[in-house]
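Given the coordinates of chain R, work out where chain A should sit on it, guided by the hints.
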Amino acid sequence: VTNDSALTPATLHRRFTSSVHDERTAAVLGIALGVTFTVCFATGLWSHIQQHPQSWYIARPRPAGLYRVTQGVHVATGLASIPLLLAKLWTVYPKLFAWPPFTSAAMLLERLALIPLVGGALFMLFTGLANINLWYPWPFNFPAAHYSAAWITIGALVIHVGAKLTTTRRTLRRAPPASCALDRSTSAPSSDRRVFLGTVFGGAAAVTLFTVGQTVAPLRKLALLAPRRPDAGPQGFPVNRTAQGAGVVAAAQSPDYRLVVTGKVARELHLTPDDLLAMPQHEATLPISCVEGWSASRRWTGVPVRDLVARAGGREGAAVRVESLQRRRAYRTSMLTRHETADRDTLLALAVDGAPLHLDHGYPARLIGPNRPGVLQTKWVTRLVVR
Amino acid sequence: MNTAPEREHGIGFWLGFVIGGGIIAFGIHSVLQHSAATKPRSMLIWIVGADVIHDAILVPLVILIGVLLVRFVREQWRTPLRAGLLLSALVCFIGWIPWRGYGRDTVPDNPTVQPLDYTTAILTSLAVVWLSIALWMLVRIVRARRRARAQ
Chain R
594 VTNDSALTPA TLHRRFTSSV HDERTAAVLG IALGVTFTVC FATGLWSHIQ
644 QHPQSWYIAR PRPAGLYRVT QGVHVATGLA SIPLLLAKLW TVYPKLFAWP
694 PFTSAAMLLE RLALIPLVGG ALFMLFTGLA NINLWYPWPF NFPAAHYSAA
744 WITIGALVIH VGAKLTTTRR TLRRAPPASC ALDRSTSAPS SDRRVFLGTV
794 FGGAAAVTLF TVGQTVAPLR KLALLAPRRP DAGPQGFPVN RTAQGAGVVA
844 AAQSPDYRLV VTGKVARELH LTPDDLLAMP QHEATLPISC VEGWSASRRW
894 TGVPVRDLVA RAGGREGAAV RVESLQRRRA YRTSMLTRHE TADRDTLLAL
944 AVDGAPLHLD HGYPARLIGP NRPGVLQTKW VTRLVVR
Chain A
43 MNTAPEREHG IGFWLGFVIG GGIIAFGIHS VLQHSAATKP RSMLIWIVGA
93 DVIHDAILVP LVILIGVLLV RFVREQWRTP LRAGLLLSAL VCFIGWIPWR
143 GYGRDTVPDN PTVQPLDYTT AILTSLAVVW LSIALWMLVR IVRARRRARA
193 Q
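The listed protein sequences correspond, in order, to chains R and A.
Going by the numbering used here, the first residue of the first sequence is number 594, and it counts up by one from there.
Going by the numbering used here, the first residue of the second sequence is number 43, and it counts up by one from there.
Only chain R is shown next, with the shape it has when bound in the complex (with noise of 0.2 angstroms):
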């Protein structure tokens, strides 16, 4: 605390006289955040375009990991931003009390930015980490505010960044101050500075580390935080949505369950289970990566959906609408692009590991395919529509 006797708005944020609160570490946790914001955004953003088909963009299935990549990197950097975030407000927190607030009006714009960065990018974060516990304490609809709250945020982002850019330029092209010199065991100013860095980073690999083996399977036994494990479940993987709370216990247990295959075809099939698996079956080792960001890759074995389109006489290269036995819901039904149809691998799966699917896993049947988002690979599938 500074020698300041009276604290007035104009001698408030001298107050602040830690070595941490300096432009330089504000640089340096700002090009970390940038970095991993933009990431964040990126991969989230094709994500989104994953689930929400576009007109510009045919989905493909190759290759077969991307999908599993990107959004365990999406929740990687997201969970790894939140100490760099936290640590990058508390560096440039004293800001808050500069005085006067504002001397342009361009700084004044600055400063108005500031409110959907800093909050934008506390909700990103904080929303991100309540969904991948799959906790909802608002009223919204996770996916549509996320997905609009980040451009809100990135566009926050870019005016920070056209504002500070000179700044941190010239900031990191100084040399560092000359106090960097003294002895490291002296509680040095520029010591403190370098710790808190440290820790920082530090936090952010430990983050990483205690986290990351939901989706990388040789370190899951140190996912200490992650709210998932590649491998609690039945048959060994996780589950995000259980039979009984689908809703489909009865139905698909039901002698009377039939997969149907219909729209554009020659012949409507109705085919039993047996019927299924009279056919030829195919086996494709294959992720189910989940957009919270966990991830497991499984031995599948089933009747590829483009040998179902053809038994029924449906055009080669159709795009197909894959319908649930779940009555609602968003992801009752999803869809089959005509590069995913084309792929062998995509399979109307009847077994994992060997073994008939477990109920919670879409028993009797369901979709897996190469490069889609967990919530694609719709479960207790009972309708093919070929489009």
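Please note that a few of the clues may not be correct.
Claimed, not checked - Listed next, the stretches of chain A that the computed footprint assigns to chain R, with coverage defined by at least 3 CB atoms under 8 angstroms from CB atoms of chain R:
{"hint": "1", "region": "68-81"}
{"hint": "2", "region": "92-101"}
{"hint": "3", "region": "124-131"}
{"hint": "4", "region": "136-147"}
{"hint": "5", "region": "152-158"}
{"hint": "6", "region": "164-173"}
FYI, nobody ran anything at the bench for these hints, they're computed from the structure.
Think of the CB as a built atom: it goes at the ideal place given N, C-alpha and C, for glycine as much as any other residue.
Chain A only, in chain R's frame:
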């Protein structure tokens, strides 16, 4: 810290302002276009609320802890202690949701959500953090002793 007003609002700022402003406008349009799903009013409360809670509650709380640390802890232990507290807060923040079982409680039929005993998981993570800090403090002590002996 230099909090003097910055006078550098050149072409870079205005370019960023126009592009960034356009992106924000797109975001707001997206919120309003899907208002049945986004619930604009509650989104606004959450975004501004996050700002306010951070600036008016979280940071003052951290400052208070910092003041107590300066008052009651000897100078040589402050830096490692600060690092340890920072990392512990982080572990508790990330682990808090699964520890309370938020999310898990809405899907009682799904044991694959938050499958661990998170009390043990958090305590284990904290143990890793504090063991690292203890190791670091030990290194500091040994180094200081060596230096003292060398002099």
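Right, here's what the structure says about each hint:
Judged by the Cβ-Cβ criterion of 8 angstroms, the region 68-81 of chain A is covered by chain R as claimed, because 9 of its residues qualify and three suffice. Note: the region 92-101 of chain A has 5 residues with beta-carbon separation from chain R under 8 angstroms; the three-residue rule is met and the coverage holds. For a cut-off of 8 angstroms, the count of residues in the region 124-131 of chain A with a CB near a CB of chain R stands at 4, and the three-residue condition holds. For the region 136-147 of chain A, the stated coverage by chain R holds: 7 residues have a C-beta nearer than 8 angstroms to a C-beta of that chain, and at least 3 were required.
With 7 residues carrying a beta carbon less than 8 angstroms from a beta carbon of chain R, the region 152-158 of chain A meets the three-residue requirement, and the given coverage holds. A stretch counts as covered by a chain when three or more of its residues have a beta carbon under 8 angstroms from one of that chain; for the region 164-173 of chain A and chain R the count is 5, and the coverage holds.
Of the numbered hints stated above, none is contradicted by the structure.
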